[in-house]
Amino acid sequence: MAKSNAARAAGPGRLAPRRTAPQLTPAELDRLIHERVRLGIVSALAVNDKLTFNELKGLLRVTDGNLSVHARKLEEALYLACAKSFDGRVPRTEYRLTPLGRSALERYLDHMEALIRATRER
Amino acid sequence: MASPQPLHDRALDNLRYIRDTMERAGSFTAVPGWGMVAVGVTALGATLAALNRPRDADWLTVWLVEAVIAITVGGWALVRKGRAAADPLLSGPGRRFGLAFLPPLVVGALLTAAQHGTGATRVLPGTWLLCYGTAVVTAGAFSARIVPLMGLCFMALGTAALFTPVAWWPGFSAVGFGGLHIVFGTIIARRYGG
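So the sequences go chain by chain: A and B.
Residue numbers for the first sequence follow our numbering, so the first one is 1 and each next one is one higher.
Residue numbers for the second sequence follow our numbering, so the first one is 123 and each next one is one higher.
Since the hints were derived computationally from the structure, they do not count as laboratory data.
Among these hints, one or two may not hold up.
[Unchecked claim] Subject to a maximum C-alpha distance of 25 Å in a straight line, what follows is the list of computed DMTMM-like cross-link-like pairs (lysine to aspartate or glutamate): (1) A:Lys84 / A:Asp64; (2) A:Lys73 / A:Glu35; (3) A:Lys57 / B:Glu145; (4) A:Lys50 / B:Asp209; (5) A:Lys50 / A:Glu76; (6) A:Lys73 / A:Asp110; (7) A:Lys84 / A:Asp49; (8) A:Lys57 / A:Asp87; (9) A:Lys50 / B:Glu145; (10) A:Lys84 / A:Asp110; (11) A:Lys57 / A:Glu75; (12) A:Lys57 / A:Glu106; (13) A:Lys57 / B:Asp178; (14) A:Lys50 / B:Asp142; (15) A:Lys84 / A:Glu55; (16) A:Lys73 / B:Asp142; (17) A:Lys50 / A:Glu121; (18) A:Lys57 / A:Glu35; (19) A:Lys73 / B:Asp135; (20) A:Lys57 / B:Asp180; (21) A:Lys50 / A:Asp87.
Okay, chain A solo, but in the shape it has when bound:
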């Protein structure tokens, strides 16, 4: 299976993000994952080792363009790792959640739970 240049550079069997992590403040990180489609992508990948572009598209019921844009944003933030290959002649794109992405989801869940707790305690 042929992988992307970045994945190949990371060594066999490993998926590597393409860029270095941008320096984001916690508020910005929150916004990044707060958007519905991106939240869906991260949530779906949290319970799967990897998902293909088409699997994510079917699961989240979004268009190719929409998914592509949001996945790229998550990839740029190093929340996702992407590997491109060919299944016969058909291009295949697979996404995995990186440890950074997983911890961002955990922080986001904590944040939501804290919000709910805070309003209940009022």
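Once you've looked at the hints, dock chain B against the given chain A.
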């Protein structure tokens, strides 16, 4: 103009969305490999017990008893593995797996009753293999890829059993309910944690 959604409601809505997405995206991983091996062994025993029983009622009784044993053993193993893996059986992928698994089995039970009633027992083993295989294929859509593959093997055997001589029945039963369960059960147990 609509009033803005309170923060509390928005947070709850987001958490619900995350949970729903995870449930839809998740797969059912509690298919019990060792339980399937045990079912395979009991099926081999049933094949032996049903040999040399020419009366339909006799060999049918053997296989009905085997069905009860298999459901009990397989069900117990499934619940045990599900609990160990914190994989809920009554919600999310577990629920979808069950809902997809049961209808073909119910069809199989109804066809068994109808075929026995009309004396068309010649097609029973093929019917059982086909219905069970269909159940495994449909439910397997919500589980690891090896599960539907096992179902397809059952369906292939069932198809062959429908069009081969009656004398071959024990072979199909042994290879299908015995052999396939043992082989695929061992692979699932080794690759998917029991």
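Now for the hints, and whether the structure bears them out:
This hinted pair checks out: Lys84 of chain A and Asp64 of chain A have alpha carbons roughly 15 Å apart, not beyond 25 Å. The suggested pairing of Lys73 of chain A with Glu35 of chain A holds, with an alpha-carbon distance near 11 Å, which does not exceed 25 Å. Distance restraint check for Lys57 of chain A and Glu145 of chain B: the Cα-Cα separation of roughly 16 Å lies within the 25 Å cut-off, and the hinted pair is therefore satisfied. At roughly 19 Å between alpha-carbon atoms, Lys50 of chain A and Asp209 of chain B fall within 25 Å of each other, so this suggested pair holds.
With a C-alpha separation of about 18 Å, the suggested pairing of Lys50 of chain A with Glu76 of chain A holds against the 25 Å cut-off. A hinted pair counts as satisfied when its Cα atoms are at most 25 Å apart, and Lys73 of chain A with Asp110 of chain A qualifies at roughly 22 Å. Pair hint Lys84 of chain A plus Asp49 of chain A holds up; C-alpha atoms about 16 Å apart against a cutoff of 25 Å. About 18 Å separates the Cα atoms of Lys57 of chain A and Asp87 of chain A, which keeps this hinted pair within 25 Å; it holds.
Our distance criterion of 25 Å between C-alpha atoms is met by Lys50 of chain A and Glu145 of chain B, whose separation comes to about 15 Å. Distance restraint check for Lys84 of chain A and Asp110 of chain A: the Cα-Cα separation of roughly 33 Å exceeds the 25 Å cut-off, and the hinted pair is therefore not satisfied. At roughly 16 Å between alpha-carbon atoms, Lys57 of chain A and Glu75 of chain A fall within 25 Å of each other, so this suggested pair holds. Under the criterion of a C-alpha separation no larger than 25 Å, the hint pairing Lys57 of chain A with Glu106 of chain A is consistent with the structure, at around 23 Å.
With a C-alpha separation of about 52 Å, the suggested pair Lys57 of chain A and Asp178 of chain B falls outside the 25 Å cut-off, and the hint is violated. Restraint check for Lys50 of chain A and Asp142 of chain B: satisfied, since their Cα atoms lie roughly 18 Å apart, inside the 25 Å limit. For the hint linking Lys84 of chain A to Glu55 of chain A, the alpha-carbon distance of about 14 Å falls within 25 Å, and the restraint holds. At most 25 Å may separate the alpha-carbon atoms for a hinted pair to count; Lys73 of chain A and Asp142 of chain B meet this at roughly 23 Å.
With a C-alpha separation of about 39 Å, the suggested pair Lys50 of chain A and Glu121 of chain A falls outside the 25 Å cut-off, and the hint is violated. Distance hint between Lys57 of chain A and Glu35 of chain A is fulfilled; the C-alpha atoms sit about 16 Å from each other, no more than 25 Å. For the proposed pair Lys73 of chain A and Asp135 of chain B, the alpha carbon gap of about 23 Å is at most 25 Å, so the pair holds. At roughly 53 Å between alpha-carbon atoms, Lys57 of chain A and Asp180 of chain B are farther apart than 25 Å, so this suggested pair is violated.
For the suggested pair Lys50 of chain A and Asp87 of chain A, the alpha carbons sit about 16 Å apart, so the restraint of at most 25 Å is met.
Comparing the model with each numbered hint stated earlier shows that hints 10, 13, 17 and 20 do not hold.
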